[in-house]
Every structure is written in C-alpha cells, then in structure tokens.
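Trainee: In case you want the letters, here they are:
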Amino acid sequence: MKSENLLEIKDLVIKYETSDGVVHAVNGVNLTIEKGTTLGLVGETGAGKTTVAKGIMGIVPNPPGKVKSGEIYFEGEDLLKKDAASMRKIRGNEVSMIFQDPMTSLNPVMTVGDQIAEVIGIHQNLNKKEAALKAKEMLEMVGIPADRSIEYPHQFSGGMKQRVVIAIALACNPQLLIADEPTTALDVTIQAQVLDMMTNLKNQMNTSMLLITHDLGVVAQICDNVAIMYAGEIVEYGTLRDVFKSTTHPYTEGLFGSIPSLTADVKRLSPINGLMPDPMNLPIGCKFSPRCKYADDRCRSQAPVMTQLSATHCAACWRAGKEEN
Amino acid sequence: MIKYIFKRILMLIPVLIGVTFIVYFILALTPGDPVTIILGDQATEQSKEELREELGLNQPLLKRYADYMVGLLHGDMGKSYKNNLDVADQIMERFPNTAILALTAILIAMLVGVPVGIISAKHQNTILDRISMIFALTGISMPVFWLGLLLVIIFAVNLRILPSSGFDTSSIAAAARSLILPGIVLSVNSMATITRMTRSSMLEVMRKDYIDTARAKGVSERVVTFRHMLSNALIPIITVVGISFGNLLGGSIITETVFAWPGIGRFVVESIKMKDTPTVLGCVIFLSVMFSIVNLLIDILYAFVDPRIKSQYKLK
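Quick note, the sequences are listed as chains A and B, same order.
Using this note's numbering, the letters of the first sequence correspond one by one to residues 9 to 333.
Using this note's numbering, the letters of the second sequence correspond one by one to residues 6 to 321.
Everything labelled a hint here was simulated from the structure, so no lab data went into it.
Just so you know, even glycine gets a beta-carbon here, dropped at the ideal spot from N, CA and C.
Any given hint could be a false lead.
These stretches of chain B come out as covered by chain A in the derived footprint (C-beta under 8 Å, 3 or more residues) [claimed, not checked]:
id : region
1  : 32–39
2  : 214–220
3  : 232–240
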C-alpha cells in the first residue's frame, strides 16, 4: 500500500441479483484517490457510479445488491473485510456521502438540527446539548442562520436542503467526502454556490473528495483527476489535463462532443449514438463497441485491457496508444 | 391549530343532523308498530290509541323528528319504549363496558400488529415474512364467532382457566380475566389489518433516500428502523388503528353476543328488534359522536407525527 493513497479500489464487482436476472452494475473497477485530491467519476445515468459510491460506504442495498469481489482499501485497511459495527464507526465519520437529491435525502419528520446533531452524537463524545450546539455551528458554516435548526426540511428550499445535507456530511470532518451528483437537482445559480461552498470547505478541512457527476463542466472546475465510467467499468482514467487535453477513449471523446461550445460555430451537437447497454445483458467484447464509430471485429469479440498511456493516464481501448487522436 | 380543532367540532353539527335524519326516517319507514310491541297482540284498540297519543306517534313524521331534535338540544334523548327508562342513562351504563373491551382489543392489536409488521417488512420475502402474512390473512378471513367459540371451548370448557362469558367486575383481577378472551377475539381483525398496513408502509419508507442518508451517517440498524423508518411510516398505521378503534367503540355485536358482554353493540341490536326508536336513535347519535371524536383525535395526532401536516393546519 502506498501511503499517500487515501482510498484504493481494486477490481470491485457489484451485482444486483433480482428475480428478472442479474444486473452487472459494477464490473471490475479500479480507482485511487490520493490524500487531499478530488477525483471526478463521470458517466451516464446507469453507468454504476452511485453503486461504486454505495460500495465504498458499505450501504449497497442487500438484497438484491451484493459486492461479489474486489478490495476497497481506506487508509490501508480493506473496508469490505470490516464487520458492521466498525463500518458504522467509519461511515459519517471518516467517509461521508452527499446524496443526489436534496429534496428526498433528509428525513421529513426530524428537524434539520437534530439530523445534523445525530451524526455528531454518534461519532463524537458529546452530550445532546453540545451536539446540538455543534449542529448549529455547522449550519452557520454552510450559510444557514443557526436559529433555523429547529425547522423541518419542508421549510427549506432545495439549495438550502443541499447545504444541510453537506453540513451533515462534513460535521465530523471526514477524510473522504463522496458527493453523488450534488448539484444535479439544483438550478444553475444555486449549483455554482453549492460547488463553491463545497470546494472551500474541502480546502479548509483538507478533505479528499470523490465527485460523481455527469457534468464535465463541474469536473473541469474542481477535480484533480478524472475517471470516466461506462457500463460498470472505468474506460479512461487520468489527471484532469490528461483526460481533457489528450482524450483517448472514444466514449470520452463522445462526451466532449455532446457539450455545446460557446466559441465554435456548430449548427448541431454530436451526441453519442445509441443507448447505454442493458446492464442485465452486456455486450461481449468492448462494452462500448455497439456505439463506437471506430469499432472493429476485435472490439466486438474481445474486451480491451487498460493501457497505460503515461504515468498518470490510462484508457481501456484497443486503439489506445496505437494512433494519436 | 386550536382554530382548526374548533372548526372540526363545528363540522360535527351537519354530520349529526344527517345521521339523526337518516336513522329516524329509516326506523319510521320499517314495518312494525312499536305500540303493538309494547302492549302485545291482545291489547285493545283503545289502549293502543291512548299509548300512541301519549308517545306522540300519531303526529306527522316531520313534526316528530323536529320535536325529537329540540329535545336532543336540551340533552334529552327521550325514554325507551320498552321499559320507560332514560335512554341516555342506559347508554352510559353500557358504554364503559364496550369502551374497555375496545381499548383492550386495540391495544392487543397494536402490540402484536405493529412489531409483526415491522419484522415482516425488514425480512421481506423471507420465511418470517411469509409466516406473518399467512397469519395476517388468516386473521382477516377468520369468522369472529368461530374463533370466539373455539377459544371458549379450549380455555373455558376444557382448560377451565378463563371465564366463558360475562364481565365480572368484582375485582380488577377478575375483570382482567374476563377481558382476555373477548379482547383477543375482538382484536384479531384489527391486528391483521394493522400488520399488513405496517408492513406495506414500512416497505415504502425503507426505499426512501433519507434512509440511505441515515445509514451513511453510521446510524445503527435499530435506530434506522425506529427513528427513521417507523416515524415516517406512522401516518397510515395511525389511520388504520383509528378506524379500527372507532369501529370497535361501536360495539361488536358478534363478540358481545358470544361472550354475553353487557356492551352497547348487543343493546342496539335488541333495541332495533323491539323497534325502540328513542333508544336506537340515542345509541346511533352517541356512537357517531364517539366516532367523530376519535377521527378528530387522529387528525390532531397526525400533526404531532408529521410536521408537514402541522404546518398545513396552521394555514387553515
């Protein structure tokens, strides 16, 4: 184990076994997050991003979800080998998570103050009064007046709810913050505020972050490294510069192609043709091959291996490293 | 909130007018002459006519209804045709028995139904879940009189450990013993409904995002279940408990008959047979008020369970 890596995921496989069939949600994912850095995990809806996050937190819904194999090292210890009680000590304390939809991720019958105080009460040796006080401090920190701590989630707007969720996630100064599309449900102005706030808080507390998103603009703004995920696999991984400047995988290329440009005069966007494959019935060979304009017979029959392109950059494509884009 | 409660109490008035009107006319229109029932077949035409005059039965229906309502507003429910006793007194004599039985039944139903529902939901699709659901299905489908007689045969006739009928109020222990069998029998239907409602309500809440949030905080499973799931699943559970309790307060005719329970359910049926209009009316009005009060209490309880409902009440 290299000591500077806070989180190292090796060959993580998670499946959902339903009565209709097996959903291959995560198929052999490798990821590394160094201390103090932010990794952007980018992919379409259904690529398995949230399942990876839940896998790290140990909250994959079981049944039907199951972590089939792999290792998740957090500070050198394999989280998958820990028992429920020691995982609970890590969750919310050392690793915490911000969920996708602030409208539904707060308990509607508890005051926001109580919800923040709950996580503080579990992980820090504070009595009820002290925890409530700390909860108020956290609210102030995310820009909500402390006297609103006795209010319920329905009395807050979407952006404010997301701030509360962030306050819960950061209340115990976690080492790693997993943010699952923290801004998707918010409108653009609020998005910018929330992102700014998260970046500031992260820098203040020196927290590492796994940012899950499908918004490449957000990635460019705050990530150090980027992992592109497709159909449960990482297809390209590198620093922000690697992925944005020397894009290698055709899927990543396609993602950039579908973003409107402010400078180029383009009449139409060029979206990626086709749909995400059904995760119950994944294609043989490269999973992106049915949608890939470069695909040949080998792509359709043999899954590509991760090719190291430079010290920091790798991609899972047969063309990677052979020809320059 | 207080304004809301006051409004709800005012809304009782049209409900009661409607109830009395319907019951009064149904009783007046059904065949059978109360005078004949009171005096018997052998009575002379003259004595019948005198009694009719005395009871005001030869006046037009609407006039009689109006007189009755005026009396009711003065707190007078009239006198029974059968024994000339005050209706209100007779109800108050029997209602506590029914109320105690209803309370016992609903407590048993809740104490069994809610935990079984929770366990069933937490272990969805396992053998535990299947067993609880079979138990609930049986509870809903089982005829009350059959279960009642079965329990009497087992516990009163064969084992001789519990009384077979009646309400022995000579001591608290004796009262408790006589409550056990009818309480269980009366609770079975509600218990099954509460179990099923708890299960489905819990299953719905279990999949909510805030449960993930709670888990991600490192909250223990017990706290997740009770503080985060159950408190959000309570509204439908309270609703069925309330409706069941309201129904039970009306008295269960079958259970009260099987166990010779001196309650209001049997009293109403006997009065209907006798065409004892004042008594039936009195009982129905009393029970509708009770039912409405229980409903109101449930609505108020909602506000304490769910802050979103509370803030709605404030607006009204």
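Trainee: With reference to the structure, classify each hint as holding or not holding.
Mentor: Hint check results:
{"no.": "1", "hint": "32–39", "in the structure": "violated (count 0)"}
{"no.": "2", "hint": "214–220", "in the structure": "holds (count 6)"}
{"no.": "3", "hint": "232–240", "in the structure": "holds (count 4)"}
Of the numbered hints stated above, the single one contradicted by the structure is hint 1.
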